[in-house]
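S.K.: Chains as they are written, first to last, in the working numbering: chain P, 1265 to 1570; chain U, 49 to 337.
Calculated directly from the structure, the hints in this document are not laboratory data.
All figures in this text were calculated on a predicted structure; none of them were measured in a lab.
Heads up, a few of these hints could be off.
[To be verified] Capping the alpha-carbon separation at 30 angstroms, the derived lysine-lysine pairs in DSS-like fashion look like this:
no.: 1; chain 1: U; residue 1: K186; chain 2: U; residue 2: K152
no.: 2; chain 1: U; residue 1: K153; chain 2: U; residue 2: K186
no.: 3; chain 1: U; residue 1: K269; chain 2: U; residue 2: K253
no.: 4; chain 1: U; residue 1: K253; chain 2: U; residue 2: K272
no.: 5; chain 1: P; residue 1: K1310; chain 2: U; residue 2: K228
no.: 6; chain 1: U; residue 1: K153; chain 2: U; residue 2: K143
no.: 7; chain 1: P; residue 1: K1505; chain 2: U; residue 2: K143
no.: 8; chain 1: U; residue 1: K272; chain 2: U; residue 2: K329
no.: 9; chain 1: U; residue 1: K274; chain 2: U; residue 2: K143
no.: 10; chain 1: U; residue 1: K253; chain 2: P; residue 2: K1505
no.: 11; chain 1: P; residue 1: K1505; chain 2: U; residue 2: K186
no.: 12; chain 1: U; residue 1: K152; chain 2: U; residue 2: K131
[To be verified] Which residues of chain P face chain U? A few of them, derived with a C-beta cut under 7 angstroms, are:
no.: 13; residue: T1489
no.: 14; residue: I1493
no.: 15; residue: N1498
Backbone N, C-alpha and C fix where the C-beta goes; we use that ideal spot for every residue, glycine too.
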Amino acid sequence: MSKPGHRWRSLEGVIESAIRVSGVASIALVILIFAFVLREGLPLFKEYPLRAFLTQRGWQPTLSPPTGPWFGLLPNLWGSVLVTAGAVVIAVPLAIGAAVCLADVAPRSIRDVVKPTIELLATVPSVAIGFVGAAAINPLVKDLFNLDTGKSALAGSIVLAFMAIPTIVTISDDALSAVPKSFRDGSVALGATRWQGISRVVIPSAAPGMIAAIMLGVGRAIGETMVVIMVTGNAGVLPDKGLWHAFTHSVRTITGTLGAEALEVAYGDAHYRALFMLGVVLFLITYVLNFVADLALNRKPRRALQ
Amino acid sequence: MKAKMWAAAVIGLVVAAMTGCSAPKEGAGSAGTGTQTLTVKGSDTMVQLAQAWAEEFMKQHPDIQVSVTGGGSNTGLAALMNKGTDICNSSRPIKDEEKDQAAKKGIDVQEFVVARDALSVIVNLSNPISELTRDQLKDIYTGKVTDWSQVGGTPGRIVLNSRETSSGTYVFFQEHVLGKGVPFADNAMLQPATSQIVQTVAQDKGGIGYVGLGYVTDKVKAIKLKADAASPAVEGTVDNVMNGSYPLARPLFEYTAGAPSAVAQKWLDWVRGEGGQAVVKRLDFVPIK
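So here's chain P without its partners, still in its complex pose (with noise of 0.2 angstroms):
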């Protein structure tokens, strides 16, 4: 009690550490968790050649041999693809489009009920959402493009486009409300009109942010496992009857072959180790996504999401 500045900075001292080892235990983390990953599936290799994993179009584990099994990247890759790159077309307009209202356009009162209830979204359950999905957006998609089956890509990016929205209006809502009013003042004294100054001043100015909301929003979809489960259908289809007729058909994603068969596959055999594969697959492309990510975060600094 007597010496309280000394006692305050030896306790600096251990936060610091604290911290910095906290940090370090994160990457530590990360890498620790992709080396498990690939220690568990690399095997995979041994009993089923690398060149089958790359090309083989089908998904078959439990296909007896000589024919199988099957353990094919190619239909889960492409599914989890096409799913994802729907959802992006579907929720970067809708989503930027909200953000630009919210930040710019709507009064105050509807901000502050709009921006409150679409973070709101973001807390329902995945499987809540897929249940939904199942019930009423297969049917509809079904009704409305005249289909033999809702469950299919489309319906997939619906629904993961409506997850990802959150994410994208909220930040890019942040993005956006951090672009200094003297920006918008000075391009109304330039003399430009409201609209000149939202899309040629405010969103370039907040563009890192926005990419980096996009980019968090896709990271969300292309992980979600639960609901492209419920409405894709998971059937394992390479296209070939071009892209609209893929997107309207069930697809296989990555996240829905690892969560349908994770639990169940018996520990160290080969459908084991090639569901780790996939998992290793899936940890590079959110690796990737997230890596572009901090790129635009970084581009320009001080501008944007603090």
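Given the coordinates of chain P, assemble chain U onto it according to the supplied hints.
M.R.: Positioned in the frame of chain P, the structure of chain U alone reads:
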């Protein structure tokens, strides 16, 4: 605040230590005078069933330790011949060659039917189809037939629904309808749960799916099946499964090498009795009586 946290931590530790110590003691108590063990090995289809049996059985017979492993019916039968397991689970009857092989080793393999596995094939309510032969069903699921008009229905694309690959039902269907080593059509949709199959078939006019016998609801139509073109069409009911006339069903077996030991006999009696058969029902298999 801090003091409270410490107190909580200490209490936590003590409780953990106490439960940690008492658990093995309990085990040792019952193990004391000769715990008997029983190994059950074989069919993957039956693994979950056998594990559920083991849990219930051990509750009622704390002096018997049952360990259940899968590996497939082949593995189980091989283990039985090598005395590697007390009981073998098999989702197929033993072959004559296997019986001969066992006889050469002086083993008289005993067979017990312990449960039945049966599937219903369902279509949309608006579908006029009311029966299919097994070959037609196979052609539909391998993708050889893609339109309902090819099997006597009204024109329209067939939308295939299947269970996930991890499901025993999927494996049963693959082996029993398509044949071993015959792949499903790649556009067959793999649904995570039976309820999803029912829902999808109820929504899609061209939908078809297979579900456990107990899962047919009034939102879908279960069709009759024919073993071949000349056989009668049989409805999927428990009675028809039991009298053997329904084609999409199979008995599930347990085998012992020679007459069952006292412990194995206890197990078999229980499994085939009321308690065991209640578990069979709970796991959506068909009971033997």
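S.K.: Min Cβ distance, T1489(P) to chain U: is it shorter than 7 angstroms?
M.R.: With Cβ-Cβ at 10 angstroms, over 7 angstroms, it is violated.
S.K.: Does the alpha-carbon distance linking K272(U) and K329(U) stay inside the 30 angstroms limit?
M.R.: Given that 30 angstroms is the threshold and the Cα spacing comes to 22 angstroms, the pair holds.
S.K.: Checking one constraint from the list: CA of K253(U) to CA of K1505(P), max 30 angstroms. Satisfied?
M.R.: Cα-Cα ~22 angstroms, so holds.
S.K.: Given the hinted pair K1310(P) and K228(U), is their Cα-Cα distance within 30 angstroms?
M.R.: Measuring from Cα to Cα gives roughly 24 angstroms; hence the hint holds.
S.K.: N1498(P) was flagged as interface toward chain U. Is the shortest Cβ-Cβ separation under 7 angstroms?
M.R.: 4 angstroms, holds
S.K.: Is the Cα-Cα distance between K152(U) and K131(U) 30 angstroms or less?
M.R.: 14 angstroms, holds
S.K.: Between the alpha carbons of K1505(P) and K143(U), is the straight-line distance 30 angstroms or under?
M.R.: Violated, at about 46 angstroms.
S.K.: For the hint on I1493(P), does the least C-beta distance to chain U fall short of 7 angstroms?
M.R.: 5 angstroms, holds
S.K.: Hinted pair, alpha-carbon criterion (30 angstroms max): K253(U), K272(U). Please report holds or violated.
M.R.: 18 angstroms, holds
S.K.: Hint check: K153(U) vs K143(U), CA-CA at most 30 angstroms. Holds or violated?
M.R.: Judged against 30 angstroms, a Cα distance of about 16 angstroms means the pair holds.
S.K.: Do the alpha carbons of K153(U) and K186(U) lie within 30 angstroms of each other, as the hint requires?
M.R.: With Cα atoms ~39 angstroms apart, K153(U) and K186(U) exceed 30 angstroms; violated.
S.K.: Is K186(U) close enough to K152(U), meaning Cα to Cα at most 30 angstroms?
M.R.: 38 angstroms, violated
In summary, the structure is inconsistent with hints 1, 2, 7 and 13 from the numbered list given earlier, while agreeing with the others.
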